[in-house]
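Visitor: Spelled out from the first residue to the last, the chains are:
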Amino acid sequence: MIVEVTALIELKNLSKTFNQGTENEVVALKNINITINDGDIFGIIGLSGAGKSTLVRCINYLEVPTGGSVVFDGIDLGAISEKELLATRRHMSMIFQNFNLLSQQTAIKNVCFPMEISGVPKAEAKKRATELLTLVGLGDKLDFYPAQLSGGQKQRVAIARALTTNPRVLLCDEVTSALDPNTTRSILELLQTINKTMGVTIIMITHEMKVIEQICNKVAVLDHSEIVEMGNVKDIFLAPKSKIARELILPKSEGVDSIGDGGIYLRLVFDGTTAFEPVISNLALECRAAVNILAANTKNIEGKAYGQMVLQLPTDQSVVERIENYLDKKGIVYKEEDSYVE
Amino acid sequence: MLSNLNGEMIKLLAAGIGETLYMTLVSTFVAYIIGLPVGILLYITDEDGIKENKVVNKVLGTAVNLLRSIPFILFLVAIMPVTRFIVGTTIGSTATIVPLVGSAAPYIARMVESSLKEVDYGVIEAARSMGANAKQIIFKVLLVEAKPSLIVGAAITITTILGYTAMAGMVGGGGLGAIAINYGYYRYQTDIAWVTIALLIIVVQIFQEIGSRIAKHSDKRA
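Protein chains in written order, with my numbering: chain A, 1 to 342; chain B, 1001 to 1222.
Since the hints were derived computationally from the structure, they do not count as laboratory data. Take the hints with a grain of salt, since some may be wrong.
Stated by the list, open to error - Straight-line C-alpha distance at most 25 Å; calculated DSS-like pairs for lysine-lysine:
| id | chain 1 | residue 1 | chain 2 | residue 2 |
| --- | --- | --- | --- | --- |
| 1 | B | 1147 | B | 1220 |
| 2 | B | 1220 | B | 1117 |
| 3 | B | 1117 | A | 109 |
| 4 | A | 141 | B | 1140 |
| 5 | A | 109 | A | 127 |
| 6 | A | 127 | B | 1140 |
| 7 | A | 109 | B | 1216 |
Said to hold, decoys possible - Not the full set, but computed from the structure, chain B residues with beta-carbon under 7 Å of chain A:
| id | residue |
| --- | --- |
| 8 | 1122 |
| 9 | 1126 |
| 10 | 1129 |
| 11 | 1130 |
| 12 | 1131 |
Ideal Cβ positions, reconstructed from N, Cα and C, are used throughout, including at glycine.
From just these sequences and the hints, can you work out the full model?
Guide: As structure tokens, this is what we get:
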């Protein structure tokens, strides 16, 4: 079976400069080229100020780019009328960090809102809103006002609202940044389900690697208005090339001291091909070597190990060789690092 | 104490309350018909507004500021030819409505503008992302979200206009203000002046209380 992959969104040489031609000129985006395929969960990661929010707002033309083009489903958004643009936006819903619900309206009224503005009959809108709120797990909270809901519940209302128009794509702008870790996980699971069952393409803007790691298949790393790295999440996760990607991906060493100065730093990457076993203690036993764990961020998913670990090895070259042979034998990917500085 | 408060005077005061309410409510209503759209226009044409338009914003803003900077008591006199043209006279309660509207409308425009500015920009952005047009954003987002604040603004406006009606009493307007001036000031019946003040305070309290209660009841944020 051939799976046909079609481009849903193409950003071509996209640029955005605010206050162009004035002394307050700010370049927000420079020559962005991204192709997002139908069905992708595409992550765009960067630190604050990198241009992520501007980028996502250019995709639905809330911000009009100053250069290049946005092609959505074959339509160049810069070449159509205002009226056509408003109609096209109904196929690309957006959810936000701060939910942006109407505070004076109930959950169901909020979900009905996009249908109200696109002229769906009231009874039909109400029926669909009820279905969608039930789908996101809020079937019993239809008449609650946003102030009566928790952050996670508000985001669920926003997701239900975003789905009313049967969008092709969901633009997610830092949608988990205001939520606690457990709620973040459940919202990401919901988005993943929506992607799988309804075939909605998702674009995730975030500054958190764990969001990318949990649900994205592709990622673009944005730094100082430019894409510095882009590809499959797995590839970039294993071998981040740009400085910023390394900063975002490599685990942080917090409150860990190394065994004196010097030594060799080894970064181990667990990509799910090795079993989740006590690697370090086995390594220490078998190689008769003391190693220092500087940082670790690993998890066990269905018995397989995922994540990273940074070790500091003794300076003795023969010990290092023994350890590397051991890792080769176990099929664990590693990379020698000159230093381990965050 | 209250030696001048006879049956005749009580009837006069009752009529005065009626006239004051008539002037206040009719002026507020008419002033809102003008001030509300102007306030909305000021908001949407402002920088980064949903229909940014520097020229319209500047012209309206200047006109509003100009009218707002004229003290009401001077405006009342200055606008007399216009009042005579519209109502046919410059004396009495109905005539007072003209300067009241002229003075209150720009005030309302600024009140409305400031209420709309309180609406979270994110909600407007969300509506834009759904393909809402300017009209839908104004009527289904801005006015809905700003409702509690607009009601509070209306209560403040009513009490301000009520104060203006008393000033209109100086130059032949009707209502409690005219009674206070004609009897309390010109005829030295100080007790009558105090009674009218007490009545004005009560009316202001009632409007303010009603406004606050409606606003509180309609606000779903807390």
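Visitor: Taking each numbered hint in turn, which are not upheld by the structure, reported in ascending numerical order?
Guide: Hint check: nothing fails, all pass.
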